[in-house]
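**Student:** Sequence:
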Amino acid sequence: MIRTRFAPSPTGYLHIGGLRTSLFSWLWAKKNQGEFLLRIEDTDLARNSEEAVEAILKAFDWVGMSYDGEAIFQSKRFDLYKKYIDQLLEEGKAYKCYMTKEELDQLREEQKAKGERTRYDGRYRDFTGTPPEGVEPVVRIKAPQEGKISFVDGIKGEFSVDASEVDDFIIARSDGTPTYNFVVAIDDALMGLTDVIRGDDHLYNTPKQIVVYEALGFSVPNFYHVAMINNEQGRKLSKRDGATDVMEYKALGYLPEALLNFLVRLGWSHGDQEIFSVEEMIELFDPKDINKSSSNYNLDKLLWLNAHYIKNKPHDDLAELLVDFGVDIRDSDKRDLILNATKERGKTLVELASQINLILNAPSEYNAKNAKKAFKGDAVEILGEFVEMLKGANASTKEEYHAVIESIVAKREIGFGKIGQPLRVSLLGSMTGSGLDEIMAILGTEETIRRVEKAIEFINA
RNA sequence: GACCCUUUCAUCUAGUGGCCAAGGAUAUUACGUUUUCAUCGUAAAAACAAAGGUUCAAAUCCUUUAGGGGUCGCCA
Numbered sequence: 026m027i028r029t030r031f032a033p034s035p036t037g038y039l040h041i042g043g044l045r046t047s048l049f050s051w052l053w054a055k056k057n058q059g060e061f062l063l064r065i066e067d068t069d070l071a072r073n074s075e076e077a078v079e080a081i082l083k084a085f086d087w088v089g090m091s092y093d094g095e096a097i098f099q100s101k102r103f104d105l106y107k108k109y110i111d112q113l114l115e116e117g118k119a120y121k122c123y124m125t126k127e128e129l130d131q132l133r134e135e136q137k138a139k140g141e142r143t144r145y146d147g148r149y150r151d152f153t154g155t156p157p158e159g160v161e162p163v164v165r166i167k168a169p170q171e172g173k174i175s176f177v178d179g180i181k182g183e184f185s186v187d188a189s190e191v192d193d194f195i196i197a198r199s200d201g202t203p204t205y206n207f208v209v210a211i212d213d214a215l216m217g218l219t220d221v222i223r224g225d226d227h228l229y230n231t232p233k234q235i236v237v238y239e240a241l242g243f244s245v246p247n248f249y250h251v252a253m254i255n256n257e258q259g260r261k262l263s264k265r266d267g268a269t270d271v272m273e274y275k276a277l278g279y280l281p282e283a284l285l286n287f288l289v290r291l292g293w294s295h296g297d298q299e300i301f302s303v304e305e306m307i308e309l310f311d312p313k314d315i316n317k318s319s320s321n322y323n324l325d326k327l328l329w330l331n332a333h334y335i336k337n338k339p340h341d342d343l344a345e346l347l348v349d350f351g352v353d354i355r356d357s358d359k360r361d362l363i364l365n366a367t368k369e370r371g372k373t374l375v376e377l378a379s380q381i382n383l384i385l386n387a388p389s390e391y392n393a394k395n396a397k398k399a400f401k402g403d404a405v406e407i408l409g410e411f412v413e414m415l416k417g418a419n420a421s422t423k424e425e426y427h428a429v430i431e432s433i434v435a436k437r438e439i440g441f442g443k444i445g446q447p448l449r450v451s452l453l454g455s456m457t458g459s460g461l462d463e464i465m466a467i468l469g470t471e472e473t474i475r476r477v478e479k480a481i482e483f484i485n486a
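Take any residue in the first sequence, note its place counting from 1, add 25, and you have its number in the numbering used here.
Mixed in with the good hints, there may be bad ones.
Each computed BS3-like pair below joins lysine-lysine, with the alpha-carbon atoms no more than 30 Å apart [what the hints assert, rightly or not]:
#, residue 1, residue 2
1, Lys336, Lys326
2, Lys436, Lys423
3, Lys121, Lys137
4, Lys436, Lys416
5, Lys275, Lys416
6, Lys83, Lys397
7, Lys313, Lys55
8, Lys264, Lys83
9, Lys121, Lys173
10, Lys56, Lys317
Honestly, the hints are just simulated from the structure, not real lab data.
The task is simple: from the sequences and hints, build the whole structure.
**Tutor:** Written out as structure tokens, the structure is:
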């Protein structure tokens, strides 16, 4: 069985990069009827917060991804890690190192000065003498001293580093707490993971973790290192580049299916296909199709996808979603008219809500430029005549309102725009927007007349 | 600085030695549809980072250079 995981450290919100790698992991598990597990990497007690855990869970919930079983908290497993540290110590696969932080710093300085890659020099590896006074030791693992550490990455291919690149790294701090690379390897093994999909910033951690796997006799899972997401300029994605918190997208009016579709196509593709439902993603996803190179964030594409999903969303759902954006048309008998008239004009729910409000709320004032342009010439007369015709027309549907406009156009032998522009500004206060017949069908004759008469008053004033 | 990863239109990408005078999508521009805007439709423009090889044949294989990214913690 395929078993994958997402293992965030709860130091903040869920980042879209993290969402993409967890999406990949989730899809791969789902595709294989496997399991997707969640592990919270909270060994750094100082930097973690419960709110962060909740924020991550909330984001998962919003996009509709769920994990199997119980979430595992590393902070609750210190006893377990301690057991393995003791075991390695006993077996002579790890040892205590009494080097102080100051000594370490000094060593690094020297190595840097010589232009070398900094690494621990192994001075306590075979130490048998009397330990120095007053130094609480750390525990270091014995890494191989010669040969290569290699593995096959499912995305990058064959990857190997010289043993000299991996030093005897610390697995337990002087206060006894275990370190990242140690606990990750143990948990990944104990949780029975078969496939580890993560960011390629972890590429260099993998050889270290393999050292742990081998020392403990665990079998090594498949690794897939996914390249990072950069901003539109190809630089590292930072907060200045706009939303990086997944939940910000919700507030900005994006649909989760659009965000997931956007993210799945960042670094992954399936031929020429652009639109993927979650079901299709699950069916078609395969980590072998993930690209090696990093990809750039592209807001235009996200917006396009979001518009696509808004257009195709059932009205029940749309009406429900709009409540959070200050528009409640759930019980309106005009609901479908309203959504049909507006849903192609909003790339986000925020934009859609404002389109709807534009129709529902009578204009409180007319933009001076619009008014000047639309209310010039014989606009007043035309509007006046239109009101009269409307009174006798008994129109209620889009088609009937359209017919009223048609008849005034025919009667006066004018272009459609001649009545269209003044009418639109009267009704919306705007030069652009939904179809006039649609707007009137939503407003009804009474409200339409009220707005037009108000405009006539304004012009005459 | 050392080591590693990476490089196809502005952007996401297809492409695994001949089907590629490089395809799709977004964005852009034009035209059409529309009372307007949007949607939609049609079209245009737009790329193999550079230089050397290997080969009958290279976007695809090799080398070097350049750009971008990552790692070098008693952080994760």
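**Student:** Need the list of violated hint numbers for this structure, in ascending order.
**Tutor:** 5, 6
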